[in-house]
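Peer 1: Read top to bottom, the protein sequences are chains L and H.
Sequential numbering from 1 applies to the first sequence in the numbering used here.
Sequential numbering from 1001 applies to the second sequence in the numbering used here.
These are calculated hints, taken from the structure and not from any lab test.
For each residue, glycine too, the CB sits at the ideal point set by N, CA and C.
Mixed in with the good hints, there may be bad ones.
[Unchecked claim] The calculated label-pair distances, taken between Cβ atoms and stated as ranges, are: (1) H:Trp-1107 - L:Pro-43: 33 to 41 Å; (2) L:Gly-207 - H:Gly-1045: 26 to 34 Å; (3) H:Asp-1164 - L:Gly-66: 33 to 41 Å.
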Amino acid sequence: MRRTITIMILATAWSLLSCPVAGLADPTGIPDVNLSTATVPSPGPFSVYTRPDGGGHPLAAAYLMGGQVADATITLHLVDANGDPIYLYPFEDLWLECDAGSLAVCAGGSTADAYTDVNGDTTFSHPLYAGGQGQGVMVLVSGLALAQPPLPISFNSPDITGDLVANLDDIVLFGMDWLGSYHYRSDFFYDGVIDISDIALFAQGLGAGCP
Amino acid sequence: MRRSVILLAAVLLLAAPAAAQVDTHPDGIGLYFDEQASINCIDMGTGIVTVHLVLTNATAASGVAAWECRVDYPANLISAGTSLAGSCINLASEPDFAVGYVQPRPWATINVLADLTFFVSNTSPADLFLRPISQPSVPGQMVYVAPDDIGAKVPMIWSTGGPDVPVATINGGCAVPAEQDTWGGVKGLYR
């Protein structure tokens, strides 16, 4: 009898250990936007020249103020509520948006480079497919923004109006900025002035639209 | 006799000066009446003339992504049209040019940037000048940028000396290259 009771106790303990009760733990690999993080290699602030056709600059070759090229690759560390890394999370469900401004993104134009790896990490380093301009980057995981301050990255584009094509409307606005007061939206070279360097980058983007 | 004529013809052919590029200095900018950048002065009656704005011996090997300069000319020249080379946009109003290329202009020793056509209304001397635009990227300079180094503004050097020296002349004296020959070079002419 005593032996039977011992066996029953052991069996119950084993079943409790092997089958966690819902609510005691979160073993499902659901991303936790409070624990997941996104970082950039240095404090910045960065500016990235972007175009709707993806012909802009990669985040890995952003500008610092003054026009120096710097790496603004965003590294996302994706974890669940236990702090465990989430492996193979789809890159399509990880994208960038801006906290302020009017960045207009083509469909799928700001997604992560790849699925998360075994450490739960992935990056955003490629050029965006986007127009308009925006400041302060947020990383979204299946539509939920990470609970952290926006990253110090801004975007501008020859598609100044943000209608996802760089055309005559944008020439008018750029011309006004070139002759008038400073506007970040036209400072593609990011040196605090709008001059021949910006004209070069603006002209290169004329006609660009989403793929 | 026949042999002498052939010999004489050969000598004359060798002696005939080939059209030579006027400005051999790096990053030269000038106005020329031919696309070989060798003629910067002509005499003519009233009528139409085309002058080429040419960047010579650019130091940036990747080509030209954008450039800016101003073309000044007297009242007896009446603009009859401007043709910019390549697919580009001029954001300035003529006679200022602030031109950016959709596709950068490839490098060339003689890079024709624009063709300007004028009606010469009388035969008075007409001097043409190149100057910085009214809102220059670099004060006092005409510049271009190369596609592989957008931030570096490369000064373009007057083919004949400076903003107050004509770079091309119609019905007047010919402009001269910017830099004087060295004494050794002059002596070399007589060796």
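Peer 1: All hints are to be evaluated individually against the structure, with a verdict given for each.
Peer 2: Structure-based check of all given hints:
{"no.": "1", "hint": "H:Trp-1107 - L:Pro-43: 33 to 41 Å", "in the structure": "38 Å, holds"}
{"no.": "2", "hint": "L:Gly-207 - H:Gly-1045: 26 to 34 Å", "in the structure": "44 Å, violated"}
{"no.": "3", "hint": "H:Asp-1164 - L:Gly-66: 33 to 41 Å", "in the structure": "34 Å, holds"}
Figure legend: structure checked against the earlier numbered hints; the only hint not met is number 2.
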